[in-house]
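Count along the sequence shown from 1, add 947, and you get the number used in my numbering.
The set of hints was computed from the structure by calculation and includes no laboratory data. It is possible that part of the hints are untrue.
Think about it this way: if two alpha-carbon atoms lie no more than 16 Å apart in a straight line, the pair counts; the simulated EDC-like pairs of lysine to aspartate or glutamate are [to be verified]: (1) Lys1067 with Glu1089; (2) Lys1003 with Glu1037; (3) Lys1107 with Asp1137; (4) Lys1149 with Glu993; (5) Lys1180 with Glu1144; (6) Lys1107 with Glu1089; (7) Lys1180 with Glu1205; (8) Lys1149 with Glu1189; (9) Lys949 with Asp1017; (10) Lys1180 with Glu1127; (11) Lys1168 with Glu1178.
Quick list of the computed label-pair ranges, beta carbon to beta carbon [to be verified]: (12) Ala1065 with Ser959: 19 to 29 Å; (13) Gly1007 with Ala1065: 19 to 29 Å; (14) Asp1137 with Lys1003: 34 to 44 Å; (15) Tyr1045 with Gly1211: 29 to 39 Å; (16) Gln1014 with His1140: 39 to 49 Å; (17) Pro1095 with Glu1144: 22 to 32 Å; (18) Ser995 with Asp1137: 36 to 46 Å; (19) Glu1037 with Glu1205: 30 to 40 Å; (20) Tyr1045 with Gln992: 31 to 41 Å.
A virtual CB, placed ideally from N, CA and C, is assigned to each residue, including glycine.
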Amino acid sequence: MKTALTIAGSDSSGGAGIQADLKTFSALGVYGMSVLTAVTAQNTQEVSDVEELSPKIIAGQIDAIFQDIDVDSIKIGMLSNEQAIRVIAERLNVYRPYPVVLDPVMVSKSGYDLLRPAAKNALLTELLPMATLITPNLKETEALLGYPVTTLREMEEAAKALVHLGPRAALVKGGHLEGEAVDVLFDGTDLHHFSGERVQTKNTHGTGCTLSSAIAAFMAKGRPLAEAVTEAKCYIQRAIAEGLSIGHGHGPTHHFHEWYTKEGIKK
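Start from the sequences, fold in the hints, and give me the full structure.
Written as structure tokens, this is what we have:
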């Protein structure tokens, strides 16, 4: 069985972060492993607190995995601080894994800062050059580049600008774009558009985590980049369409929609 490793924070409500990544890996037939960077106190309405793990235990988790298990792909999510970013980059430089999907988680839906402002430069200089693919949404794209991105044409130029910063490819997600939901992939040579029907639902908690981990799962299984993005988009589209009304805020997507109904009945 192919394997995938997620390096990210924990979501106590189970809809995003490490929990969403591992659910996605399992749903797509990939053995999931995890390196925890932080523990969040959150639910479907808000992130109320974050406890960051020490660089020592982050490094220890990475070493424990790579010294024993073959890793076919990596997804990197919430990193929180500069020290975590630097130790992750240092340890991954030792093991040289490929591919690496980097989801630059910066702010929660409720507005909680999940990446300290001082850590942005470390993200740009230490991890972006190691990434096979970076998957920012529009707000994260604007934060990384320092200017607004509001149109499809600007998304195309932003994807190119992000690749200029170091990653091999960039997928700028247009879920917050007015009108049709379009994601733009620049693979270093060509631009690709991925359109999807906009689903009218509030149950979108963890969509970014789920999409990036789905791409990592398909790449672990040997799919070329554009094909992995295409299959991951199909997966997340259905997961959103069948999202779960759990909690009083933004409910989670249904990671196991192929296997169970919303009521938990096996299909």
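Restraint status (C-alpha distance of Lys1149 to Glu993 at most 16 Å): 14 Å, holds
Range hint compliance [Cβ, Gln1014 to His1140, 39 to 49 Å]: 41 Å, holds
Beta-carbon spacing of Ala1065 to Ser959 - inside the hinted bounds 19 to 29 Å or not: Holds, at about 26 Å.
CB-CB spacing for Asp1137 and Ser995 relative to the 36 to 46 Å hint: The hint (36 to 46 Å, Cβ to Cβ) holds, given that Ser995 and Asp1137 are roughly 43 Å apart.
Glu1037 versus Glu1205 beta-carbon gap, inside 30 to 40 Å or not: Check passed, 38 Å falls within 30 to 40 Å.
Cβ separation of Pro1095 and Glu1144, checked against the hinted range 22 to 32 Å: Holds, since Pro1095 and Glu1144 (Cβ atoms, about 26 Å apart) stay within the stated range.
Cβ separation of Asp1137 and Lys1003, checked against the hinted range 34 to 44 Å: Hint holds: Cβ distance 42 Å, inside 34 to 44 Å.
Agreement of Lys1107 and Asp1137 with the hint, judged by alpha carbon distance not exceeding 16 Å: 10 Å, holds
Holds or violated: Lys1168 to Glu1178, with C-alpha atoms at most 16 Å apart: 12 Å, holds
Restraint status (C-alpha distance of Lys1149 to Glu1189 at most 16 Å): 11 Å, holds
Pairwise hint evaluation, Glu1089 against Lys1067, where the allowed Cα distance is 16 Å at most: 12 Å, holds
Pair hint Lys1003 and Glu1037, alpha-carbon separation not exceeding 16 Å: 12 Å, holds
Checked against the numbered hints given earlier, the structure satisfies every one of them.
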